[in-house]
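In case you want the letters, here they are:
Protein chains: 2
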Amino acid sequence: MTEMEASEATLSTRTQRRRQRTQARIVEAAERLMREHGVEAVTVQDITEAADVGHGTFYLHFESKAEVLRPLIDRMAERIHARVDRVTGGKRDPALRLATGVRIALYAIASDPLWNWYVFRSGTPFRRLAEGMGTAPQEDMKRGVANGRFQVTNLRATWSFIDGALIGVLAAWNRSGMGDDAAEITAELVLRSLGVSTEEAARIAREPLELT
Amino acid sequence: MTEMEASEATLSTRTQRRRQRTQARIVEAAERLMREHGVEAVTVQDITEAADVGHGTFYLHFESKAEVLRPLIDRMAERIHARVDRVTGGKRDPALRLATGVRIALYAIASDPLWNWYVFRSGTPFRRLAEGMGTAPQEDMKRGVANGRFQVTNLRATWSFIDGALIGVLAAWNRSGMGDDAAEITAELVLRSLGVSTEEAARIAREPLELT
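One line per chain: the protein sequences are E and Z, in this order. Counting with my numbering, you get residues 1 to 212 for the letters of the first sequence. Counting with my numbering, you get residues 1001 to 1212 for the letters of the second sequence.
Among the hints, erroneous ones may be present.
As the list claims (entries may be wrong) - Here are the simulated lysine to aspartate or glutamate pairs, DMTMM-like style, with alpha carbons at most 25 angstroms apart:
{"#": "1", "chain 1": "Z", "residue 1": "1142", "chain 2": "E", "residue 2": "200"}
{"#": "2", "chain 1": "Z", "residue 1": "1065", "chain 2": "Z", "residue 2": "1028"}
{"#": "3", "chain 1": "Z", "residue 1": "1142", "chain 2": "E", "residue 2": "180"}
These aren't lab readings, by the way, just hints derived from the structure by calculation.
Using the sequences and the accompanying hints, generate a full structural model.
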């Protein structure tokens, strides 16, 4: 590396770090404002003022108000995956892991106004819940199909079915609550639709969520 | 009934009939225009001009462009129910009737641009497919629960699950096609989630759709 290349690399790393700091400041300000006033009430201008950045800077980082929530949701999804790992305590059964993930995710989304807004009102047409959940559940699903735990003949159709089903349950949950065991029932139905027997689905969907 | 009451009743019936004729003319014009130019391209003004009614008259009958499609969709849903009756040929098994309905409805909605638009782009927030399908499938579902054909512990959660699942499949279908047996796979998953065994679900979801 020549001296000039080295100094350009340092500069670009520094620029990158500054960009990241700015982005973090925007996200932080947005979250704080939205949790205080509700997502709808907060404008991009409110966010840029609170983060002390210009309008143009905001749009360098995000296409819209909804997109500011994206990094927050990614982080929450990561926390859910980590919790699934802890709760299932190293057990690798994809049925148990998927059911646990469905339960934890449904509770999290239903109880977090920011996440809920992103799923239902961000204006993204039929935003796929699965996209927001990252690749972990898809890997459990594929593993379960590969090792015969699940009976799936069309992976894409099955995935869309489950994805939509979770949104359907959340939508009904939003409209008027759902009863204490809605997340467990939903996890049970997911397992059934993957070909797990009714008896086993009922049992797995009700495993304790405490840490083992 | 006095003579005056009788004449008022005649008048009100006549008014009612005239209102119905006007409404039918608006719906007819809207359908013709939308099938020719696509739903998005057609404005309320296009419809009122083609139907030869005033702007105000339109809004006496319908709240929005999307709502004009409602009577059309009700009629299509009726035709689907009638076809389910014919195809199942008097067999009353709720599993067979629901699976048949799912298959016929998915094909109908996926292939009808007007219906498809209504489900996905009419602006109605997460428009419930079930609402559009009327009460027939709900009755099959309740009957199946009552006579033990289905294993359902929370009817509302299960209904929302299936409702969302169908929308999820249709959304994926819209994005990029789905393979020849997507409707059959979906019907199979619906039956599984209702507690029908994988073997039976696979068989029932592939019963011939020809008239018996």
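Hints and how they fare:
Under the criterion of a C-alpha separation no larger than 25 angstroms, the hint pairing residue 1142(Z) with residue 200(E) is consistent with the structure, at around 24 angstroms. About 13 angstroms separates the Cα atoms of residue 1065(Z) and residue 1028(Z), which keeps this hinted pair within 25 angstroms; it holds. With a C-alpha separation of about 22 angstroms, the suggested pair residue 1142(Z) and residue 180(E) falls inside the 25 angstroms cut-off, and the hint holds.
Checked against the numbered hints above, the structure breaks none of them.
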